[in-house]
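Chemist: Residues per chain are reported as follows:
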Amino acid sequence: MSQTALPAAPSSGVRAPVVNDCSIQVATVNGSGSQTANNTLLRAIFQMGIPVSGKNLFPSNISGLPTWFTIRANKHGYIARRKEIDVLVCMNSDTAVEDVKNAPAGAAVIYDETFGLDKHRSDLVFYPVPFQRLVKECCPEAKLRKLVVNMIYVGIVAHLLEIDVAEIAKALGKAFSTKPKALELNKAAVDAGLAYAKANLVKRDPFKVARMDKTAGKILVDGNSASALGCMFAGVTVVTWYPITPSSSLCETLIDYMKEHRIDPDTGKATFAIVQAEDELAAIGMAIGAGWAGARSMTSTAGPGISLMNEFIGLGYYAEVPTVIFDVQRTGPSTGLPTRTMQGDVLKTAYASHGDCKHPCLYPDSIGEAYEFAMAAFDLAEALQTPVFVLTDLDLGMNLWMSEPFAYPEQAIARGKVLDDAGVAAMKDWGRYKDVDGDGVPYRTLPGTPGDGKGAYFTRGSGHDEYGRYTESGATYVRNLDRIGRKIDLMKTKGPAPVIDGKGAKVGILAYGTTHWAIVESRDQLKAEKGLATDYCRVRAFPFSDEVRKFVAAHDRVYVVEQNRDAQMLGMLRMEYPELATKMTSVRHYNGLPVDARSVTDEIARLESNPVAGHGAR
Amino acid sequence: MSQTALPAAPSSGVRAPVVNDCSIQVATVNGSGSQTANNTLLRAIFQMGIPVSGKNLFPSNISGLPTWFTIRANKHGYIARRKEIDVLVCMNSDTAVEDVKNAPAGAAVIYDETFGLDKHRSDLVFYPVPFQRLVKECCPEAKLRKLVVNMIYVGIVAHLLEIDVAEIAKALGKAFSTKPKALELNKAAVDAGLAYAKANLVKRDPFKVARMDKTAGKILVDGNSASALGCMFAGVTVVTWYPITPSSSLCETLIDYMKEHRIDPDTGKATFAIVQAEDELAAIGMAIGAGWAGARSMTSTAGPGISLMNEFIGLGYYAEVPTVIFDVQRTGPSTGLPTRTMQGDVLKTAYASHGDCKHPCLYPDSIGEAYEFAMAAFDLAEALQTPVFVLTDLDLGMNLWMSEPFAYPEQAIARGKVLDDAGVAAMKDWGRYKDVDGDGVPYRTLPGTPGDGKGAYFTRGSGHDEYGRYTESGATYVRNLDRIGRKIDLMKTKGPAPVIDGKGAKVGILAYGTTHWAIVESRDQLKAEKGLATDYCRVRAFPFSDEVRKFVAAHDRVYVVEQNRDAQMLGMLRMEYPELATKMTSVRHYNGLPVDARSVTDEIARLESNPVAGHGAR
Amino acid sequence: MSTSTPAVPPAPAPAAGPKVNRLGLPVTDYQGAKSTLCAGCGHDVITNTIISALWEMGVEPYRVAKMSGIGCSSKTTNYFLNRSWGFNAVHGRMPAVATGALLANRNLISIGVSGDGDTAAIGMGQFVHLLRRNVPMVYLCENNGVYGLTKGQFSPTADYGSKLKSGVVNDLPSVDLCAMAIELGCGFVARSFSADRKQLLQILRAAVAHRGLAFIDVISPCVTFNDHPGSTKSYDYGRANERPIHELGFVPTWEKAADEVDVPAGGSMDVDMPNGGTIKIRKLERDFDPRDKVAALNLLRECHEKKEFLTGLFYVNPQAENFLDLLDLGPAPLATLPSSKVRPSKAVLDQINEELR
Amino acid sequence: MSTSTPAVPPAPAPAAGPKVNRLGLPVTDYQGAKSTLCAGCGHDVITNTIISALWEMGVEPYRVAKMSGIGCSSKTTNYFLNRSWGFNAVHGRMPAVATGALLANRNLISIGVSGDGDTAAIGMGQFVHLLRRNVPMVYLCENNGVYGLTKGQFSPTADYGSKLKSGVVNDLPSVDLCAMAIELGCGFVARSFSADRKQLLQILRAAVAHRGLAFIDVISPCVTFNDHPGSTKSYDYGRANERPIHELGFVPTWEKAADEVDVPAGGSMDVDMPNGGTIKIRKLERDFDPRDKVAALNLLRECHEKKEFLTGLFYVNPQAENFLDLLDLGPAPLATLPSSKVRPSKAVLDQINEELR
Ligand SMILES: Cc1ncc(C[n+]2csc(CCOP(=O)(O)OP(=O)(O)O)c2C)c(N)n1
Ligand SMILES: Cc1ncc(C[n+]2csc(CCOP(=O)(O)OP(=O)(O)O)c2C)c(N)n1
Ligand code: SF4
Ligand code: SF4
Ligand SMILES: [Mg+2]
Ligand SMILES: [Mg+2]
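Protein chains in written order, with the working numbering: chain A, 1 to 618; chain B, 1 to 618; chain C, 1 to 357; chain D, 1 to 357.
If you're looking for bench data, these hints aren't it; they were derived computationally from the structure. Treat the hints with care, since some could be wrong.
As the list claims (entries may be wrong) - If you only want the chain B side, here are some residues facing chain D, beta carbon under 10 Å, derived:
hint, residue
1, Q47
2, A277
3, G291
4, Y408
5, S462
C-beta: ideal position from N, C-alpha, C; glycine also.
Modelling step: build the complete structure from the supplied sequences, incorporating the hints.
Modeler: Encoded structure:
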């Protein structure tokens, strides 16, 4: 599916203006400091009220390798990745030729004039720019030029697309708020680009932007920051982590926020502990130790870390210890493509660890949910006394997304069934693993609870009875494991319900996480291009709410769209709903890039043209 | 299901003799040396030609806790665990009362007279024995009495069941072949038991044994030894392991066999390396390093080790390194019940590691297959260039089973597609990951291949192209991962096909591994008691042979019987065969004891009485 | 067939007033479940000594967190202090779990019990990092040179040349956990012998008073798998070869006046502990100052080469900054901070939103 | 957009006869793919020095196994010896993979490259056990005090008090991998500095000749994340503070006569290597004998306390028995033993069956 051919190039010629609907791709070399330039462009368009998204495609390398940044501006609010690029900015000689070869007909190409790209295609609009000369002129200090040259293309693009120069200035001001000298230098470079474009480039492509009002009040932020904020407002107290792309920035952002906002004003002391562990085994071990002792604890990692955490996850499940595990998914298996996205750990987290285990999982799709589900995860972990996974991915975690501002939590922090010494005394014959309320969730006590140690108990990953005492009794083992199973199934009602858009169509689409954004657009495409109306179910938690089952049951065919090879979520759905197994067909995308609407639309259209063939596939 | 009530006790009275159909259970304290006594009984019955099995139920502890050994003798050859005990030998005062309470009516109870057990039931046949007095008389050395006392019950049981005394003597001779003094002492104790029983006990229970000819030529051995022998004859060269119950004895037995039979007679040097690693991460890492460098390598572990190996397993999969991993399954999750059995890692091994992974798995049911599949595993690992799992369990691995003698392998060792320097040169433009033959399996070279290093390549768990070069190209990534997927699917034809007993019944039973033995018996029970004819498919490998699909498709209802809570194999079948998902219903047993026929029969009978209700369950 | 381990029945109420500690608690309040280890196992002696030490030190049971991994040794946390919380985690990873628990509640008194397999094989990485962080807890390694629970394979502390019952000889050098601990900055490093209960008791008392990580390597014979001739971790070997480098006793602050402690007489050296109390040391043959790191390491290397079995407090640095000090936490446990302390105000969120506009 | 790393094109056939080594190979035969590290990264200098050392030593490329974990440093095995096999394994677990490969083929010359995060954080457990086993390989830790590839977090070798670019100060003590290696019995332990190419080259040449594990800790500045003032792993800091403890050179057997090696002149000490060749050492300021373990450890402790940056060969014990010696293997690689050697005869199976009857 990732191989879908590009549409045939239309014959060249001046086209009608295309306003607020284009994708800009900047190709540079990593470590060259283009990030600020790209964000300036993104932010300026955003400030003009135009829905926008930015996707950074970077190598697993620190400096010197190709990197691409894509900005999509779309008046309809489509912010999924789009495969077709309208405006190319070629700053990297290593990839320029191939980038140009892959561009759709009619695209605009801004490039360093020395690259001579115009000889490779005749159906594109070429804008050569003497970047080296311009930067020499506007930046006297030679060693800064590598960085500053990027701001020149900002000026060029701004001129060609008619981006409001005032918004560029504002965005720059934000980026360099504490560095007036750098601000001046970068502004000069933008101006140089603007001036050059004005004087030398004749607009021949159709792409431009114009002010709208679709981003008013919105914020621009990456998913890892959103998750971090969710953790902070969830009242997280112990964070233990090990660096790994694309998860590191979650904890690193959290550290910054916590240092700023979580110092107790009364004592001047931290209300949290954040520890960089020696590896993921230690990170999850500390998180479990802290959860056991009553902290709201968490760790954050990616696939390789999840694999290493497997043994401890089973301990958390069986000994019933709350903690929260963020998995910012990247392309596996193994080290895979560390800087590419994927939904490849879905099956693995749901059933992580040997023996019979099943874990609550949350699948946020957006900034808003990255924030909210982080909060929900801590409440759920303590409500269910078990490790809870939050599965985001590189696309959500590391890219900039528009969002409504974060809403202050309405619910108070809920710490679940925790007893103090008096509470234990009040409860007749308390036992750590007794099912007092019939919901499978026992009452716990925290180590160090002041008093006589009435609530003291022994925690172990080996066989234990209702009082936490060691036992090898088969009957007790079954009773306990069945209770835990029931407890985890509470997720069906306690987890966030699926978001369902059902208007009685025959065909349903089911997706989760960031795949959402391609679905929104694809449904419109299917409707517009094929006349195919679709209903939509976005799964947000595992074990699945019964509404998921109802949705599948209510449709003739349901396409389960996901970003992995093995149709992992579909597999889970088939295990849970055998009676609906054949209703569901897989649509997969797994080349490491965020899924785009076109790929989904084409594949569903293909399958719909012969629906039976789709059945049972994957 | 594990809670099935015992049949109501029949009214007491002398019953007709029950010949060659009884279960004997010896309850002792672990560390008391009863193992030799129990094996003597088992072996003597075996030598009398009567089908027999022995199951050791021991605690996760070294000495001082209760342990039970069950011998089942059955003229029909049923050797699964049976829940009902006919003859109890109570040597442990801590459990004697409860053991007696759980016995079915009519059972015989041999016990230390000081326990006063006869006051607890009136429907059992009691044989009190003054063990302490007898042992004092026959064993002058006080500190040996703890061990020797066990041989007294051997004598008692032999007399009561009419076990041939000559066979007891022969079995003893085997056990103490190198220790004549111990032999004499133990023989004296058996004689003391025999003499006491003859003089003092009046046979009032119906159970006895009589010579048959059903074990001629057979051997008695545990599954871990069988696997070890398979490894040795597979030509394993590098074994890296970390101790864990119930897997340790696989490698420990292997060490003994290798030291005896794998020293090169020409050089006097070892043709193997066996390393006790520092943990399971190191064990699998070494196995993968060795497999990469061309050894037939292996490791052996249980659930917790599998969890720890997850990261490396994904590396093996994606970098395409052959190795063999034995998982002798025990009761999970977490540390669980380390000395109890389970089929709890089936789903976890099949999909182990983050990202899209799918691993060949073999499921031996018996001694013969533990041996054969060990050999097959090495061939498959090298044929497919990937880690291969062999899943046995504690029941098979650590218990004694009858078996046909091991057959010498007919096939030569097959090392898969390995090229030397000339081979590389001969192959035009060789690339490590090129699909030359269209089967998805590339050609590999071994590090250190003498020559010019023409076949040198770089192995990595990160993105790579057909030549093993680093790449982040999405298209290359997809091409490679798809090829690997196709390669693993070769298991469908290269793995051992399912064993199918199909006579056109409407109802099918599907099982795997040691569950087999309960199924054999249960099918006869279902036929005899309910008139229910069943067909049977025993799955032996994953990914499944198409014959599995055909079997399920050909039946109205298929009961998938397995030993775990979450119906893991059923889940895998439903993922693979969505169109057959509702045909399959789960029958599970997961209290840590080997599944017995009665539990299966009762559950299938219950479900059959209302087949629709069974559908979709689990 | 029930195989539950029976808990020790609650001690009868003190009738004629049994001896109580400074909290007014009898020693029975410090006991645990009945041990299920082999009769004579060295680990059981250590368990009993821990009970004595914590009772004598008047540690509040509710404050103790008993941490362990997997192994016979790791089981023992169940056999003392029923009135404290215990966590029998996964094999070799107790350090992380213990660290996490202390992060959550810095008021916990953490007592970790591990084995030589648990610490020096699978747990080596975590052990090193626990030392490096100087996490404030008592860490006992019940060292028998073998994996008891999996039936007697050699562990990395088995001495070069020592023999298994089966006759197999260990051909790898042993890891000296004490040398490692000192090298990695641990401020309290001792070795003892489970048969030398008197010495172990005093070391444990002092360890409880230490503000950082107190590591105690206790040679603890495995009677079932490693107590035969040819073993260097047997009772016989230990009894014949143990050489205490000094006599020592720990005098807690409140006992200083009472003077009821077993303080070694003569030529005494005092080490004051910042949390109160004094270690009193009487030197034996050699002139050895446990505050001297270089001397300690040289002593250990020497005894390693000469295959000597020295016991005592090898190194003490009462001042070393511990991990919790570095984190700049307030005095209240993080675990139970009220919402008002852990959820910032709406104003904060508004400000953050503003910054992201 | 293709992001393949281009392999270096095969070197053109030697026309006018470039300089060749004793195998008749030009140095280009020892080169690898083009480096993708940051310009100026210390690791690249080490890569080039490895190329020189292996070329000068006349190592057969086909016999070399290049082993690594994950990190910028671990990537570098791709940048030398294209004609050798490489294995870029998982993070921190190269020791196990390297051990396994040597078990399979004892004739491999194993060169491991790791980073300080890879070795001293996640890899600590495997590193310790690799040392303990004395697995015969060259193990380089390219030590920059940070995790380069994940953008500059502190690693466990970061010095106490050193600063990140962001101003964050390291408050944990650093692990001294050399001290650890000596303590754990390693028979070849050195430290060098990537900017001191001359010294590193000689150490590498000697390391290749060592029969056991040769551990080399190379301070290797990360120009992107740890090369600023306040760092103790920067080029400036290194250049200003490096103090070689001696001058040294390695003379392989076949060069002894040729005398073309850069041997330090004056007051020389010779250490003969059992596999051939001699390390020649000229002492500088201090009297230091690298065959003296105690002296080495004391030197390291001293320099740790004084925050000195000493380089050189700290310890060498050419005789230490290595892991492969212990296993009593035959000379042929296990990997390619013929079936006749690895599958016992039918008679053996018959006998086994008989025993089980
Ligand atoms: C991950 C994992 N691997 C292996 C085991 C099996 N295992 C249990 S205890 C143990 C060794 C214990 O040795 P030690 O720590 O020395 O304790 P001891 O029994 O000697 O007191 C092992 C290997 C396990 N429980 N978990
Ligand atoms: C299991 C796992 N955890 C985390 C990572 C992410 N990771 C990649 S490299 C690295 C650190 C590398 O540091 P170092 O070994 O010092 O190498 P350097 O880049 O500094 O040369 C980390 C944490 C990973 N790849 N795998
Ligand atoms: S096996 Fe050894 S360590 Fe374990 S309880 Fe018995 S004596 Fe103690
Ligand atoms: S980030 Fe640092 S370690 Fe990595 S390549 Fe760049 S300079 Fe070298
Ligand atoms: Mg031990
Ligand atoms: Mg580093």
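Chemist: Against this structure, judge whether each hint is valid.
Modeler: Quick rundown of the hints versus the structure:
1. Q47: Check passed: Cβ of Q47(B) comes within 9 Å of chain D, closer than 10 Å.
2. A277: Hint holds; A277(B) Cβ to chain D Cβ min 7 Å, cut 10 Å.
3. G291: Holds, about 8 Å.
4. Y408: holds, 4 Å
5. S462: holds, 7 Å
Violated hints are absent here; each numbered hint is respected by the structure.
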